[in-house]
Amino acid sequence: MYRVWLKNEISGEIQLTLKAIFEPESIAVIGASATPGKWGYTILKNMLGNGFPGPVYPVNPKATDILEQTCYPSVLDIPGPVDLAVIVVPISHALAVTEECGQKGIKGIIMVTAGFREVSGEGKQLEEQLMGIVDRYGMRLIGPNTLGVVNAHAGMNASIISKLPAKGGISFITQSGTLGLALADWTMEMGIGLNIVVSTGNKANVDDVDLLEYLADDKQTDVIAMYIEGINHGREFMELAKGISKPILAVKAGRTRSGSKAVFSHTGSLAGSDDVYSAAFKQAGIIRIENIDDLFDSALALSVQPAPAGNRVGIISNGGGASIIASDTCERLGLAIPGLEPGTRASIKELVPKFASYSNPVDTAGLASYETYNGIVKHMLRDPNIDALIVIYVHTVMWDSRIPANAIVDIHRGRCLKPVITCWLGGAGTEAGIDILKAGGLPNYPVPERAVKALASLVKHHGFLKKVKE
Amino acid sequence: MNGNEERLWKLLGDWNIPVLPMAAASSAGMAVEVAKTLGHPVVMKLLSRDITHKSDVGGVILDLGSDKEVKDAYHGMMKSVKQHLPEARIEGVVLQKMAEPGLEVIIGAKLDPQFGHVIMFGLGGIFVEICRDVSFRVTPVDREMAREMVLEIKGSPIIEGARGRESADLDAIIDVITALSSMLEKNPDITEIDINPLIVYSQGSVAVDARMLTK
Numbered sequence: 160m161y162r163v164w165l166k167n168e169i170s171g172e173i174q175l176t177l178k179a180i181f182e183p184e185s186i187a188v189i190g191a192s193a194t195p196g197k198w199g200y201t202i203l204k205n206m207l208g209n210g211f212p213g214p215v216y217p218v219n220p221k222a223t224d225i226l227e228q229t230c231y232p233s234v235l236d237i238p239g240p241v242d243l244a245v246i247v248v249p250i251s252h253a254l255a256v257t258e259e260c261g262q263k264g265i266k267g268i269i270m271v272t273a274g275f276r277e278v279s280g281e282g283k284q285l286e287e288q289l290m291g292i293v294d295r296y297g298m299r300l301i302g303p304n305t306l307g308v309v310n311a312h313a314g315m316n317a318s319i320i321s322k323l324p325a326k327g328g329i330s331f332i333t334q335s336g337t338l339g340l341a342l343a344d345w346t347m348e349m350g351i352g353l354n355i356v357v358s359t360g361n362k363a364n365v366d367d368v369d370l371l372e373y374l375a376d377d378k379q380t381d382v383i384a385m386y387i388e389g390i391n392h393g394r395e396f397m398e399l400a401k402g403i404s405k406p407i408l409a410v411k412a413g414r415t416r417s418g419s420k421a422v423f424s425h426t427g428s429l430a431g432s433d434d435v436y437s438a439a440f441k442q443a444g445i446i447r448i449e450n451i452d453d454l455f456d457s458a459l460a461l462s463v464q465p466a467p468a469g470n471r472v473g474i475i476s477n478g479g480g481a482s483i484i485a486s487d488t489c490e491r492l493g494l495a496i497p498g499l500e501p502g503t504r505a506s507i508k509e510l511v512p513k514f515a516s517y518s519n520p521v522d523t524a525g526l527a528s529y530e531t532y533n534g535i536v537k538h539m540l541r542d543p544n545i546d547a548l549i550v551i552y553v554h555t556v557m558w559d560s561r562i563p564a565n566a567i568v569d570i571h572r573g574r575c576l577k578p579v580i581t582c583w584l585g586g587a588g589t590e591a592g593i594d595i596l597k598a599g600g601l602p603n604y605p606v607p608e609r610a611v612k613a614l615a616s617l618v619k620h621h622g623f624l625k626k627v628k629e
Numbered sequence: 003m004n005g006n007e008e009r010l011w012k013l014l015g016d017w018n019i020p021v022l023p024m025a026a027a028s029s030a031g032m033a034v035e036v037a038k039t040l041g042h043p044v045v046m047k048l049l050s051r052d053i054t055h056k057s058d059v060g061g062v063i064l065d066l067g068s069d070k071e072v073k074d075a076y077h078g079m080m081k082s083v084k085q086h087l088p089e090a091r092i093e094g095v096v097l098q099k100m101a102e103p104g105l106e107v108i109i110g111a112k113l114d115p116q117f118g119h120v121i122m123f124g125l126g127g128i129f130v131e132i133c134r135d136v137s138f139r140v141t142p143v144d145r146e147m148a149r150e151m152v153l154e155i156k157g158s159p160i161i162e163g164a165r166g167r168e169s170a171d172l173d174a175i176i177d178v179i180t181a182l183s184s185m186l187e188k189n190p191d192i193t194e195i196d197i198n199p200l201i202v203y204s205q206g207s208v209a210v211d212a213r214m215l216t217k
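Line by line, the protein sequences are chains A and B. Each residue of the first sequence is one higher than the one before, starting from 160 at the first, in the working numbering. Each residue of the second sequence is one higher than the one before, starting from 3 at the first, in the working numbering.
Among the hints, a few may not be true.
With the Cβ distance kept under 8 Å, some of the chain A side facing chain B (calculated, not the full set) [said to hold, decoys possible]:
#: 1; residue: Met-397
#: 2; residue: Ser-424
#: 3; residue: Gly-427
#: 4; residue: Leu-429
#: 5; residue: Ala-430
#: 6; residue: Ala-438
#: 7; residue: Leu-576
If we take Cβ atoms under 7 Å as the criterion, some of the chain A residues that face chain B in the derived model are [as the list claims (entries may be wrong)]:
#: 8; residue: Ser-428
#: 9; residue: Asp-434
#: 10; residue: Val-435
#: 11; residue: Ala-439
#: 12; residue: Gln-442
#: 13; residue: Ser-506
Simulated pairs of lysine-lysine, DSS-like, Cα-Cα distance not exceeding 25 Å [unchecked claim]:
#: 14; chain 1: A; residue 1: Lys-378; chain 2: A; residue 2: Lys-537
#: 15; chain 1: B; residue 1: Lys-188; chain 2: A; residue 2: Lys-401
#: 16; chain 1: B; residue 1: Lys-81; chain 2: B; residue 2: Lys-99
#: 17; chain 1: A; residue 1: Lys-441; chain 2: B; residue 2: Lys-156
#: 18; chain 1: A; residue 1: Lys-322; chain 2: A; residue 2: Lys-197
#: 19; chain 1: A; residue 1: Lys-537; chain 2: A; residue 2: Lys-577
Hint data in this document are derived by calculation from the structure and do not stem from the laboratory. These numbers were taken from a predicted model, which means no experiment stands behind them. Even for Gly, the Cβ is constructed at its ideal location relative to N, Cα and C.
Let the sequences and hints guide you as you build the complete structure.
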């Protein structure tokens, strides 16, 4: 009920104005600076150097041109229309330049400037005044106190992240600016593709509910990952999340139980805010992730692999130890390791040495040839008892890590309907194989536990979807 | 009863949460008569708007089986409370029929500033206090969610009748959780509520004690 009302009555407009922030055609950087090291310089440089197709206007009354761009004293002096303003001015100028943005007809603002609610009572008053201006002109504002917004598909880097992340289906909402940016950097190293990264800052205007709604409709976003410290409109957030079929993963900071000191009731002392978040997330189908590295591990699997029909996992490995760790972790996380059909077992038996294990988990006893991996994976994917596969390769000098990688990528190319997660173990020597896996759209993890955790999130999300539909 | 307590028991009744028959008395003689009407054995609880933790001041006496025990308990309780808290206002006592033993569970709720009312379920006594073996759901909680809540706690095999024990009435627990959920929706001013214990039998349940805090 609520969702319908939100969509029809308000959402259209929210989407329209958030478009000005995330998909602008023209951008002004107010407080742009010619001094390297200043944020006003970094942000302008990032805006210019990442292939954003539209005009980018530096604004600063003290300069005539910055980074070879004509600099304007005020947004009001810019000849063409402007959709988005990134504001990086000292706080004493923040209100005045925002007012000018309103006069210019700018609809979206990213307020990087800090010193508002987060610092003092006076800052809180300033923030209220700022919101007065924003509301008066019908603008939408990210922040204040944000480290910016990235849209990889649009070539827009309105942030202080030095490099634009690779394009991908994961969008990331982060409440901690610095942590969010560090993570975006880290995903680049891992080769994880991102779409939108947004540092929410103080959430004075655009909050989690708005962002979730925007990303739910955003065509480039397949998975929504969040780092949350606190949510302002919990109920609304829950109701909205329930209606979104895209996976939503969240790390919620502050897991420790503070436990209120007042002991009027047992419930009062036992229901810490963390328990409440856990319950709310579960009810809304949001997958709560314990650790930050698991957040992107899971997001990666969800962004590139199909939904499994159930929780039954097949494991293939050329070494027994790794598959034992994988199957133990599966069991701990509620994933089943079923037996294989007699036909599957017979076919696998043909492909492995006599002393190898041809039941699940399949152990090739060291063999990592193209025929072995290709054949076993094919047979296991066909087995009706198997919903998802974990393919492990433990590197030894006897084998080339590219060969088993090619063996499964070749199958995967043929539009596989069951998820396949890989774990190429062994550091140096595995990179060439891992590159092939990545290029083939297979999520790879350096250790079996991480592969299984990511798969568990995939299964969890699917389980929730099924429950909602039923 | 003070305002909140009176409202609490009325609410429980209105929402069909089973409670033990009870009645108030303001003298020893009246207590004896009330106990007779309810049927022995009874529990005697202090009635005072100033005292929340009644058992700490000798304000709860269990298992009173005769007129004499009721009369002695009344005088003893008044004396003990006056010694502990001479300034507290005392309205009298409430007498309640003793509940038959069964499985003790706790069902409560709290108003969370972000998510609204959150319901908690757990097994009573040591399980809830030491093991924190409890589950939570944001309201509204329907029957299916309530069932999940109950079966989610580690101690749930006890409810299903582990080790030869008789199983407790799961539907009766679900009835109380969902009734509490509806009650909270209509009473948004409730900030904390505990039904503790709710005694669950192989058929049915009964709320033995409860407390509530409002805005």
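Okay, the hints, checked on the actual structure:
| no. | hint | in the structure |
| --- | --- | --- |
| 1 | Met-397 | holds (7 Å) |
| 2 | Ser-424 | holds (4 Å) |
| 3 | Gly-427 | holds (4 Å) |
| 4 | Leu-429 | holds (6 Å) |
| 5 | Ala-430 | holds (5 Å) |
| 6 | Ala-438 | holds (4 Å) |
| 7 | Leu-576 | violated (30 Å) |
| 8 | Ser-428 | violated (9 Å) |
| 9 | Asp-434 | holds (5 Å) |
| 10 | Val-435 | holds (5 Å) |
| 11 | Ala-439 | holds (5 Å) |
| 12 | Gln-442 | holds (6 Å) |
| 13 | Ser-506 | violated (40 Å) |
| 14 | A:Lys-378 with A:Lys-537 | violated (32 Å) |
| 15 | B:Lys-188 with A:Lys-401 | holds (23 Å) |
| 16 | B:Lys-81 with B:Lys-99 | holds (23 Å) |
| 17 | A:Lys-441 with B:Lys-156 | holds (18 Å) |
| 18 | A:Lys-322 with A:Lys-197 | holds (17 Å) |
| 19 | A:Lys-537 with A:Lys-577 | holds (11 Å) |
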